[in-house]
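Per mature numbering (1 follows the signal peptide of the UniProt record, and there is no 0): the sequence shown = residues -20 to -1, 1 to 142.
In short, the hints are calculated from the structure, not lab data. Predicted, not measured: the structure shown is a model, and the values here were computed from it. By construction, the Cβ of each residue, glycine as well, lies at the ideal position given by its N, Cα and C atoms. Everything hinted at is true.
Derived Cβ-Cβ restraints for the label pairs, each shown as a range: (1) 19 <-> 61: 31 to 37 Å; (2) 26 <-> 83: 30 to 36 Å; (3) 73 <-> 102: 16 to 22 Å; (4) 61 <-> 17: 27 to 33 Å.
For lysine to any residue, the following SDA-like pairs were computed, each having C-alpha atoms within a straight-line distance of at most 25 Å: (5) 38 <-> 20; (6) 70 <-> 50; (7) 70 <-> 83; (8) 70 <-> 45; (9) 70 <-> 44; (10) 75 <-> 44; (11) 38 <-> 105; (12) 75 <-> 17; (13) 75 <-> 20.
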Amino acid sequence: MKSIMVVVVVVVVTLPDPVGNTFTIMSNVSGDSFNRSWSEYRDGFKAKRGSNWIGLDKLHRLTNDGHDYQLIIVLSAEGATSYASCNEFKVDSEKEDYRVHCLSLPGYVEVLHNGSTFSTYDQGSGQEQAASFGFGWWFGANQKPFNATNMVLTKLKKKSSK
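Generate the whole structure from the sequences, applying the supplied hints.
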């Protein structure tokens, strides 16, 4: 029996809005392909069956508003759950290839490497990894293989003003 894995990535920020703000960075509720181009990851995309990516430009703007953010990723595969987390999460602009900044917390699985630039199959220093893994990401030089469909929850939590 083949297991179905779901990817849901949620960004939670507190902005001056009475309704409250929860931004989904990425969700893959129907197994859609995330093997997308640089421009699709930059601008964001939504697949016909409900999967989506917020867009790197928007993520850059969100994480550069003068606040500290904590990123939490929950990975689940074959019944086992592990966590990745980093403080001071921030994404640079396209000019810097959406370089990610984060301080990893000890004891967590590393799927995000501080200083890595974003890569897709058609652009970035990790093009080979993006093509091999089948999705765009901030791949590290010695990135251990992981499957984006194992990411079941990712939260970006506003911690404080700088």
